[in-house]
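Let the hints inform the model, and build the full structure from the sequences given.
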Amino acid sequence: MKDVKSSPAEVRVGLLGNPNCGKTTIFNALTGARQKTANWSGVTIEKREGAVRFSDHTIKIVDLPGIYSLSAYSLEEIIARNYIIHEQPDVIVNVVDAGNLERNLYLTTQLINIGVKVILVLNMYDEAEVKGITVDTAAMGTLLGMPVITTVGVKKRGIRDLLSAIISVARSDEETVRHIHIDYGADIEKEIRSIQDIIWKETRIRQAYSTRWLALRLLENDRDVLGKLVEYPNYGDIASQADRSREIIEKRFRDEASVVLAERRQGFITGLLQEVVSHGKPARPLFSDRVDRILMNRYLGYPILLFFLWLLFQSTYTLGAYPQTLIEECVHWLSRNVSQLFPDGLFRRLITDGVLAGVGGVIVFLPNILILFLGVSLMEDTGYMARAAFIMDKIMHRLGIHGKSFIPLVMGFGCNVPAIMASRTLENPRDRIITVLINPFMSCSARLPVYVLFAGVFFTNHAGTVIISLYLTGILLAFISSRLFKRLFFRGESAPFVMELPPYRIPTVRGILLHMWSRSSEYLKKMGGLILIFSVIIWVLGEYPKSPEIEAKYRDVTSSVDTKGRAAEKVILSKKIAHERERIGHTVIGRLGSFIAPAFEPLGFNWQMGISLLTGVVAKEIVISTMGVLYAADVENVDGGLEEALVRPEHRISSLSAYVYMLFVLLYIPCIATIIAIGREIGWRWAAFSVVYNVALTWSICFLCYTMGTVLGLG
Amino acid sequence: MYFNDDSEAMRFDGTDLTANMEDYLETISILLRENRVVRVKDIAKSLKVKMPSVSAALQKLSEKGLIIYEKYGYVDLTEEGKKIADKVYSRHACLTDFFHNILRIDAKTAEEEACRVEHHLSPEACRKIHRLVQYMGSRESEGPWKDKFIAMMEEIPLSDASEGSHVVIVRLDAQGILKKRLMELGFRKGETLKLVRYAPLQDPLQVRIKGYDISLRVEEAGTVIVRTVKNERR
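For the record, the sequence lines run as chains A and B. Mapping to my numbering: the first sequence position 229 is 238, numbers consecutive. Mapping to my numbering: the second sequence position 189 is 653, numbers consecutive.
Just so you know, these hints were derived from the structure itself, not from any lab. Be a bit skeptical, because a hint or two may be false.
As a list, the in silico DSSO-like pairs of lysine-lysine whose alpha-carbon atoms are at most 30 angstroms apart [unchecked claim]:
{"id": "1", "chain 1": "B", "residue 1": "Lys674", "chain 2": "A", "residue 2": "Lys165"}
{"id": "2", "chain 1": "B", "residue 1": "Lys524", "chain 2": "B", "residue 2": "Lys505"}
{"id": "3", "chain 1": "A", "residue 1": "Lys140", "chain 2": "B", "residue 2": "Lys610"}
{"id": "4", "chain 1": "B", "residue 1": "Lys610", "chain 2": "B", "residue 2": "Lys535"}
{"id": "5", "chain 1": "B", "residue 1": "Lys592", "chain 2": "A", "residue 2": "Lys403"}
{"id": "6", "chain 1": "B", "residue 1": "Lys524", "chain 2": "A", "residue 2": "Lys260"}
{"id": "7", "chain 1": "A", "residue 1": "Lys534", "chain 2": "A", "residue 2": "Lys562"}
{"id": "8", "chain 1": "A", "residue 1": "Lys199", "chain 2": "A", "residue 2": "Lys126"}
{"id": "9", "chain 1": "B", "residue 1": "Lys535", "chain 2": "B", "residue 2": "Lys524"}
{"id": "10", "chain 1": "A", "residue 1": "Lys555", "chain 2": "A", "residue 2": "Lys495"}
{"id": "11", "chain 1": "B", "residue 1": "Lys674", "chain 2": "A", "residue 2": "Lys126"}
{"id": "12", "chain 1": "B", "residue 1": "Lys610", "chain 2": "A", "residue 2": "Lys199"}
{"id": "13", "chain 1": "A", "residue 1": "Lys237", "chain 2": "A", "residue 2": "Lys126"}
{"id": "14", "chain 1": "B", "residue 1": "Lys612", "chain 2": "B", "residue 2": "Lys592"}
{"id": "15", "chain 1": "B", "residue 1": "Lys653", "chain 2": "A", "residue 2": "Lys403"}
{"id": "16", "chain 1": "B", "residue 1": "Lys547", "chain 2": "B", "residue 2": "Lys612"}
{"id": "17", "chain 1": "B", "residue 1": "Lys514", "chain 2": "A", "residue 2": "Lys140"}
{"id": "18", "chain 1": "B", "residue 1": "Lys653", "chain 2": "A", "residue 2": "Lys260"}
{"id": "19", "chain 1": "B", "residue 1": "Lys694", "chain 2": "A", "residue 2": "Lys140"}
{"id": "20", "chain 1": "B", "residue 1": "Lys535", "chain 2": "A", "residue 2": "Lys164"}
{"id": "21", "chain 1": "A", "residue 1": "Lys403", "chain 2": "B", "residue 2": "Lys505"}
{"id": "22", "chain 1": "A", "residue 1": "Lys140", "chain 2": "B", "residue 2": "Lys653"}
{"id": "23", "chain 1": "B", "residue 1": "Lys572", "chain 2": "A", "residue 2": "Lys403"}
{"id": "24", "chain 1": "B", "residue 1": "Lys572", "chain 2": "B", "residue 2": "Lys535"}
{"id": "25", "chain 1": "B", "residue 1": "Lys610", "chain 2": "A", "residue 2": "Lys260"}
{"id": "26", "chain 1": "A", "residue 1": "Lys562", "chain 2": "A", "residue 2": "Lys585"}
{"id": "27", "chain 1": "A", "residue 1": "Lys140", "chain 2": "A", "residue 2": "Lys210"}
{"id": "28", "chain 1": "A", "residue 1": "Lys210", "chain 2": "A", "residue 2": "Lys69"}
Stretch by stretch, here's where chain B covers chain A in the computed footprint (C-beta under 8 angstroms, at least three residues) [stated by the list, open to error]:
{"id": "29", "stretch": "69-83"}
{"id": "30", "stretch": "103-112"}
{"id": "31", "stretch": "265-277"}
{"id": "32", "stretch": "549-558"}
Here the structure is a predicted model, which is why all the values come from computation and not from measurement. Beta carbons are placed, not taken as given, at the ideal position from N, Cα and C, and that holds for glycine.
See below:
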C-alpha cells in the first residue's frame with residue numbers, strides 16, 4: 010500500500026476560481042471549521058486546507074489563490090498552476106460566479122487541456138437567477154466535458170451535490186468527464202501539432218504533462234513552462250519550433266500569439282454561452298450603485314471612511330480594553346494562587362513571573378485581534394474594503410503603496426500586531442511587505458504612556474503639541490521609508506492596480522466567525538508560542554545571574570527592620586526598591602545596559618534610560634515600569650513617584666534628552682510580538698532587516714536631534 | 465499697394481503686426497460684431513489684461529492708423545484695421561475648424577488651441593490647412609476611408625473619457641502583465657465600457673464592463689484606447 014499515492018478512500022481536491030466568485034464561502038461550506046492556514050512554501054501567500062468526510066471518503070481540500078487565469082504572470086497564478094501540474098489532485102473544483110460566466114469561464118478554458126479532471130461549480134446561482142440568467146447545466150457539462158453543478162455558497166445549497174460529484178469524478182464513474190478540445194482554427198491547430206510532434210518524442214515529458222497544453226503554453230511564450238522543459242534532451246528543438254510557430258501565427262494574424270489565442274478562447278466561451286444560457290430581463294445592480302453613490306461621493310466619501318475607521322478603532326481598543334482588564338486580572342489571580350502552591354524559589358518565580366506573565370502577554374492581545382478581524386472581515390465581505398482602497402489609492406500610491414495599505418496602517422496606531430496581520434488583505438507581495446515594514450512607525454497605544462509621562466514632566470505646558478509631533482514624525486518616517494524600500498528592493502516591479510469592485514453583499518455570520526476564528530487560532534498557535542518563549546528568555550535575562558551577596562544583604566536589611574507600623578512598611582518598600590535596582594544592575598540585562606551605555610551617551614541618555622529601552626523590547630509599556638524601579642530607588646523619594654524622580658538634577662535629564670528619548674521609544678525596535686508578527690507574515694529575513702533598519706535609523710535621527718539641539722542651546 | 469479683398473490667395477497673408485497687436489485687432493473686431501460699441505474695459509476683460517496695458521496697445525494701433533481711439537471714449541476700427549482684423553479672424557476660424565472638425569477635438573479646446581498657434585503659422589500652411597478643411601467638408605471626400613479616418617480621430621485614452629460616458633474599446637496599448645490582466649477581465653476590442661466615476665481625487669477610476677465594476681489607475685486607463693459612443697442607451 011505504500012506506493013499508492015493516496016488511499017482509495019482519500020480524495021484530494023483543489024479549489025480554483027476568480028477573486029470574488031465566492032470560492033471561500035464554498036470552501037467554508039465544504040469544510041466547516043476543519044481547516045488550517047499555512048503559507049505556500051517559500052512565499053507569503055496564504056494556503057488554506059480543510060477536510061470533510063463524505064460517504065466513506067475523506068475529501069482533502071486545498072483552497073488555491075484567487076486568480077483570473079493560469080498564465081503564470083503572477084505568483085498566485087504560478088502557485089495554482091504548479092499545484093495542478095505537480096501535485097496532480099484527483100479533482101479540481103472550478104468555482105465560477107454564475108452571474109458573470111463570460112469572464113469567469115476564461116479560467117475554465119485554460120483548465121481544459123491541462124490534464125486534470127474538473128468540476129464546474131456555478132456559484133451564487135440565486136443572484137444570477139435574479140439577474141434573469143438560467144443555465145442548461147446538462148448541455149453545458151456535455152459541451153465542456155465536465156460535470157456542472159449549481160450552488161449558493163452562503164446558503165449551503167448544492168454542497169451535497171458537489172460532494173457526491175467529487176466522489177464520482179474521483180472514482181471515474183462520472184460520464185460527463187471527457188476530453189474536449191477548443192478548436193483554435195486550422196492555422197493555429199497546425200502549429201500546435203507541429204510543436205506537439207516534437208514534444209511527443211520525449212516519453213518522460215509525455216508522461217508528466219499534457220502535450221497539447223504544453224504546446225499552447227509555448228505558443229503563448231510562457232517562460233515558466235519553457236523553464237520546466239530545460240531538463241529534457243529535446244528542449245532546444247521544442248524551443249525553436251515554438252518560436253517558429255509563434256512567428257508564423259503572429260505574421261498571419263498581425264497580433265501577439267497570446268492575444269490571438271485568448272480571443273479564440275473568448276470566442277469559444279461566447280459560443281458556449283449562446284447554446285446553454287438564456288437571459289431573461291436582466292435586473293441592474295441598482296442597490297450597489299446607490300450605495301456607491303454615497304460611499305464614494307466626492308464630499309462624503311472621506312468622512313464616511315474616517316467614521317468607519319474610527320468605529321473600528323474605537324471598538325478594537327476601547328471595547329477590547331474590557332476583556333483585556335479581565336484577562337489581566339485572571340492572570341494575576343492565577344499567579345497569586347499558583348505562587349501559594351509552590352515554595353518560594355526559582356521554580357515559582359519562573360512559573361509566575363516568566364511563564365504566566367508571558368501567557369498573559371500573549372492572550373492580552375486576543376480581544377483586540379478578535380474585534381479587529383471581525384471589523385476587517387466585515388469590511389472585506391461586504392465589499393467596502395475595495396471602495397476604501399479606491400478612494401485612498403491616489404494618496405497611498407504617491408507614497409509608494411496600495412490603497413488597501415491604508416487600513417492596516419491606521420490600525421497600527423492601536424497595536425502593530427493585528428495591524429500587521431491585517432496586511433494580508435493586500436494581494437501583491439510587494440505592497441504587503443512595504444506595508445508591514447512601515448507599520449511599526451505608526452505609534453501604537455503602548456507607546457503613549459511613555460509620551461504622557463515624559464511630555465507631562467518635561468513639557469508641562471506643551472505636552473499635547475509634543476505628543477502630536479511624535480505621531481507626525483512616525484508617519485513622516487513611514488512614508489519616507491516606504492519610498493526608500495520601493496527604490497531599494499522593488500525597482501521596476503510594478504503590479505497593476507486593476508482591481509474588482511464587487512457588488513455589495515451581506516456577509517454571513519458563519520463566514521465572519523470562521524474568519525475571526527482562523528485568525529485568532531493562528532495568532533495563538535503561530536505567534537503565541539514564540540512570544541511566550543521570548544518573554545521567558547527576556548525574563549531570565551532580567552533575573553540572572555543572581556548575586557548571593559546582594560540577596561543576603563537584602564535579607565539582612567529586611568529582617569533587621571521592626572516589622573510593625575506604617576513607617577516600617579515604608580522602609581521595607583524602599584529597601585525592596587533599592588534591592589531591585591542593585592539586582593537588575595547585576596543581571597544580564599543590567600550588564601548589557603551598562604555595556605551599551607556608551608552608545609546611548611551621544612544621545613544624552615543615562616544608564617537607567619538605556620536599560621529601560623532594553624526591557625521595553627518585550628513590550629513598550631515596560632519602559633515605564635523599569636524606570637520606576639530604577640529611579641524610585643531613593644529612600645526619601647518613595648512617595649514622590651517617577652515624575653519627581655525624573656526631574657531631580659542628579660539624573661541629568663534635560664528636556665532635550667527627554668524629547669530625544671521619546672523619539673527613540675517611538676522609532677526603535679518594534680516589540681517582540683511585532684517582530685514575530687513581521688517574521689510570520691513576510692519572513693524572518695525581513696523581520697531581521699526591520700530590526701536593524703529601525704535601530705540604525707532611530708539612532709541616527711536621535712543623534713542628529715540631540716547634537717543639533719545641543720548646538721542650538723536647547724539642552 | 466493694391467489687392468483684391470476676395471482673393472483666396474491673399475486671405476492668409478501675414479500682417480506685419482506682432483502677435484499681441486493681432487490679438488487686439490481681432491478682439492476689437494469680435495466685440496464690435498457683438499456689441500456695436502467697444503470700450504477699453506471690454507477689451508481688457510476679454511483678453512484678461514490690465515486696463516493700462518490695453519490703453520498703451522490701443523495708442524500704438526491708433527498711431528498705425530488701424531483704429532480710431534480717443535482716451536476714455538469708444539474704440540472703432542479704420543478701413544485698414546478692418547481688413548487686417550478680418551485676415552486674422554479668418555485664420556483663427558480656419559484653425560478652429562481644423563482642430564474641431566478634422567482632429568475631432570471638442571469645440572472649446574479647439575478654440576483655445578487655435579488661439580495658441582494662429583500667430584505662428586506661415587500663410588502657406590494656413591492656406592493648405594484651409595484647403596484640407598474645405599475638402600473634408602465636401603462631398604468629394606466621402607467614402608469608407610473618411611469614416612475610418614474620423615473614427616481614428618475620435619480615439620481617446622479611457623482616462624480622457626468623461627464621467628458617466630459609454631465608450632467602445634478600440635485597442636489596448638498596454639504591455640505585459642497589465643495587458644494580460646485587462647484581457648482576462650474582458651477588455652477586448654469592440655467591448656463597451658461605462659466610465660462610472662473618477663475617485664474623489666480624480667484617480668483611480670471605476671469602469672463597468674460586462675456588468676462588473678473594475679477600478680483602474682488613470683495611468684493604466686491611459687493604455688486603453690476607446691471611442692465615445694453617441695446616443696448610447698443602455
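Examine the stretch 549-558 of chain A: at least three residues should have C-beta closer than 8 angstroms to a C-beta of chain B.
-> Coverage by chain B is violated here, the residue count being 0 at a Cβ distance below 8 angstroms.
CA of lysine 610 (chain B) to CA of lysine 535 (chain B), is that 30 angstroms or under?
-> The hint is violated at about 54 angstroms.
Quick check: the stretch 69-83 of chain A, covered by chain B? Criterion 3+ residues, Cβ under 8 angstroms.
-> Coverage by chain B holds here, the residue count being 5 at a Cβ distance below 8 angstroms.
Would the pair lysine 694 (chain B) and lysine 140 (chain A) pass a check requiring their Cα atoms to be no farther apart than 30 angstroms?
-> Distance of about 27 angstroms is within 30 angstroms: holds.
Is lysine 403 (chain A) within 30 angstroms of lysine 505 (chain B), Cα to Cα?
-> 43 angstroms, violated
Quick one, are lysine 237 (chain A) and lysine 126 (chain A) close enough, alpha carbons at most 30 angstroms?
-> Status holds; Cα separation ~22 angstroms.
Within the assertion that chain B covers the stretch 103-112 of chain A, do at least three residues meet a Cβ-to-Cβ distance smaller than 8 angstroms?
-> holds (count 4)
Does the structure keep lysine 555 (chain A) and lysine 495 (chain A) at a Cα separation of 30 angstroms or less?
-> Measuring from Cα to Cα gives roughly 48 angstroms; hence the hint is violated.
Restraint status (C-alpha distance of lysine 535 (chain B) to lysine 524 (chain B) at most 30 angstroms) = 13 angstroms, holds
Is it true that the CA of lysine 610 (chain B) sits at most 30 angstroms from the CA of lysine 260 (chain A)?
-> Holds - the C-alpha atoms of lysine 260 (chain A) and lysine 610 (chain B) are around 28 angstroms apart, at most 30 angstroms.
Check whether three or more residues of the stretch 265-277 of chain A sit with their beta carbon closer than 8 angstroms to a beta carbon of chain B.
-> Per the Cβ count (5), the hint holds.
If you draw a straight line from the CA of lysine 612 (chain B) to the CA of lysine 592 (chain B), is it 30 angstroms or shorter?
-> Cα-Cα ~22 angstroms, so holds.
Of the numbered hints stated above, those contradicted by the structure are hints 3, 4, 5, 6, 7, 10, 12, 16, 17, 20, 21, 24, 27, 28, 32, listed in ascending order.
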